[in-house]
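K.L.:
Sequence:
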Amino acid sequence: MLTKTYSAEVTGMNVVTVTIETHMSKGVLLHVSGLADTAVKESFDRIKAAISNIGGKIPSAELTVNLSPADIKKEGSGYDLPMAIGILGASEKIRTDMLGQYMMVGELGLDGSLRPVRGVLPLAIKARAEKFKGLIVPVENGREAAVVNNLDVYGMPSLVDVIKFFNGEKYEPIVVDTRKEFYENQSHFDLDYADVRGQENVKRALEIAAAGGHNVIMIGPPGSGKSMMAKRLPSILPPLTLSESLETTKVYSVAGKLSQGTSLLYQRPFRSPHHSISQVALVGGGVNPRPGEISLAHNGVLFCDELPEFSRSVLEVMRQPLEDRTITISRAKYSIEFPCSFMFVASMNPCPCGYYGDPTHHCVCTPGQIQRYLNKISGPLLDRIDIQCEIQAVPFAQLSQMKPGEPSATIRERVIKARQIQTERFGSLPLGESGGKGRIHCNAMMTERMLHEFAEPDAASLDMLRMAMERLKLSARAYSRILKVARTIADLAGSEKVESMHIAEAIGYRTLDRGDWAERGM
Numbered sequence: 000m001l002t003k004t005y006s007a008e009v010t011g012m013n014v015v016t017v018t019i020e021t022h023m024s025k026g027v028l029l030h031v032s033g034l035a036d037t038a039v040k041e042s043f044d045r046i047k048a049a050i051s052n053i054g055g056k057i058p059s060a061e062l063t064v065n066l067s068p069a070d071i072k073k074e075g076s077g078y079d080l081p082m083a084i085g086i087l088g089a090s091e092k093i094r095t096d097m098l099g100q101y102m103m104v105g106e107l108g109l110d111g112s113l114r115p116v117r118g119v120l121p122l123a124i125k126a127r128a129e130k131f132k133g134l135i136v137p138v139e140n141g142r143e144a145a146v147v148n149n150l151d152v153y154g155m156p157s158l159v160d161v162i163k164f165f166n167g168e169k170y171e172p173i174v175v176d177t178r179k180e181f182y183e184n185q186s187h188f189d190l191d192y193a194d195v196r197g198q199e200n201v202k203r204a205l206e207i208a209a210a211g212g213h214n215v216i217m218i219g220p221p222g223s224g225k226s227m228m229a230k231r232l233p234s235i236l237p238p239l240t241l242s243e244s245l246e247t248t249k250v251y252s253v254a255g256k257l258s259q260g261t262s263l264l265y266q267r268p269f270r271s272p273h274h275s276i277s278q279v280a281l282v283g284g285g286v287n288p289r290p291g292e293i294s295l296a297h298n299g300v301l302f303c304d305e306l307p308e309f310s311r312s313v314l315e316v317m318r319q320p321l322e323d324r325t326i327t328i329s330r331a332k333y334s335i336e337f338p339c340s341f342m343f344v345a346s347m348n349p350c351p352c353g354y355y356g357d358p359t360h361h362c363v364c365t366p367g368q369i370q371r372y373l374n375k376i377s378g379p380l381l382d383r384i385d386i387q388c389e390i391q392a393v394p395f396a397q398l399s400q401m402k403p404g405e406p407s408a409t410i411r412e413r414v415i416k417a418r419q420i421q422t423e424r425f426g427s428l429p430l431g432e433s434g435g436k437g438r439i440h441c442n443a444m445m446t447e448r449m450l451h452e453f454a455e456p457d458a459a460s461l462d463m464l465r466m467a468m469e470r471l472k473l474s475a476r477a478y479s480r481i482l483k484v485a486r487t488i489a490d491l492a493g494s495e496k497v498e499s500m501h502i503a504e505a506i507g508y509r510t511l512d513r514g515d516w517a518e519r520g521m
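Quick note: the sequence shown uses numbering that gives the first Met the number 0, first residue 0, plus one each step.
Be aware that one or more of the hints could be misleading.
Said to hold, decoys possible - In silico EDC-like links for lysine to aspartate or glutamate, alpha-carbon gap of 20 angstroms or less:
#, residue 1, residue 2
1, K72, E41
2, K230, E389
3, K72, E106
4, K230, E412
5, K416, E405
6, K92, D44
7, K56, E106
8, K375, E412
9, K496, E455
10, K56, D36
11, K163, D110
12, K132, D191
13, K402, D191
14, K47, D70
Just so you know, the hints here were simulated from the structure itself, not pulled from any lab data.
Using the sequences plus the hints, can you model the full thing?
P.N.:
In structure tokens form, the structure reads like this:
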């Protein structure tokens, strides 16, 4: 007898429907075809034990299981459930009239329990697109899949429950009120800028960065609060939209990073990889390609503390994703694209000992050591960082003040207001205007043509820019970055035009572009 069950293969962010054809005839052999990896081929041992431990038995027969399309590699243990149901259907142990209406995925335990797998959210989206009536997943993956509307999602704890379902027993699909849960869980943050004493200039720079989606680097001595302020950045970023939340949740689902029982990510991600991270861990890839840290930071923040301590090759591989907001990983056997539209935030000391220019500590580094330390960050990478901000240690008088700083909620209101201005500005532009980057939603994503339209400096500002370009020896990319930051400063001020005072402040955020930085005090 021949039966067909359905599952899917998740490759990068793409999903391909897989048809599992099971044929039973006389004999005692098992054949698995369709470019299956070791985990898929081992599934028969798990299926055999699971069926035996729930009181069933696989008949002595020749089984042929084909995973179609056969030219796509099938990986992982998620095929256990559809293969088991296909075998039971082919051996006439369950009814087969509903098998074609449902997509299935799940790993089988030897006791017949269903265990969670990764990539369920994009699989659910594919099931709806392919007009399947429903999706059957392990109960731990149920809420993740139920985010997709117009699709019946059944979270099953065991193989026994799936058998009962196909034999006609009624089960209720999982229902998730996506919008209600999404909007109820966006406003709580454990960290707040009210805890930060002083550092008003740095808070201002981070507010500008949040308002325009700009990349930022902070340079200052140890203990000056760089990491403390970076970790609070998500509390002033505008809330995720529902579409952004779905995009980010898909990445986490594919990576297997979603907590059990989670339906959506409600807040912007904040990723802080250690400086010993490898290229593959940062950008993604591997034998079974997974998203890297830059994709896990999609629609959020990627924070690199002690930036010069990162490998030079690791830092340089970020240059293209910072520009294109996607990362394409090409290998001999595959080419996969992951989204990575993130705010890049970095911190670093001004020298190896950390105290160059600090009035309270003596720096023991030579000028050559300082220059070599700074040269670990290449010019092209610095060009892609819009805001370069110097930071000093907080004096005791400010540190000991009992009065809290400005709360994140107040700063966030200004940021949201500035983002709304940008949304109205770019909302009517067609997708093609973004140069392939998707919809423009913040100033940091503006193209060169948009700069001329929305951030054209007046005569006085142009003279100021010309002087800055000549004195600081700025590149054309740095020129564009200054205009983008100035446009954001103008938005925060509620100004329709970019004026000279906005340009002046934006130029002030090009600290590391100054050729004499390592030869002067901070």
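K.L.:
Does each hint hold? Answer for all of them.
P.N.:
To see whether the hints hold, each was checked on the structure:
1. Restraint check for K72 and E41: satisfied, since their Cα atoms lie roughly 15 angstroms apart, inside the 20 angstroms limit.
2. Between K230 and E389 the alpha-carbon distance is near 17 angstroms, which keeps this suggested pair within the 20 angstroms criterion.
3. Pair hint K72 plus E106 holds up; C-alpha atoms about 18 angstroms apart against a cutoff of 20 angstroms.
4. Of the pairs offered as hints, the one joining K230 and E412 holds, with about 19 angstroms between alpha carbons and a cut-off of 20 angstroms not exceeded.
5. Distance check on the hinted pair: K416 and E405 sit about 17 angstroms apart at the alpha-carbon level, within 20 angstroms; holds.
6. With a C-alpha separation of about 19 angstroms, the suggested pairing of K92 with D44 holds against the 20 angstroms cut-off.
7. Proposed proximity of K56 and E106 is supported: the alpha carbons are some 19 angstroms apart, at most 20 angstroms.
8. Only pairs whose Cα atoms come within 20 angstroms are accepted, and K375 paired with E412 is rejected, the gap being roughly 37 angstroms.
9. Using a Cα cut-off of 20 angstroms, the hinted pair K496 and E455 holds, with the two alpha carbons roughly 8 angstroms apart.
10. Of the supplied pair hints, the one linking K56 and D36 is violated, its CA atoms being roughly 25 angstroms apart against a limit of 20 angstroms.
11. With a CA separation close to 16 angstroms, the supplied pair K163 and D110 stays within the 20 angstroms bound.
12. For the hint pairing K132 with D191, the CA-to-CA distance comes to about 45 angstroms; that exceeds 20 angstroms, so the pair is violated.
13. Using a Cα cut-off of 20 angstroms, the hinted pair K402 and D191 holds, with the two alpha carbons roughly 14 angstroms apart.
14. As the CA atoms of K47 and D70 are separated by approximately 27 angstroms, the hinted pair breaks the 20 angstroms bound.
Against the hints set out earlier in the document, violations occur for numbers 8, 10, 12, 14.
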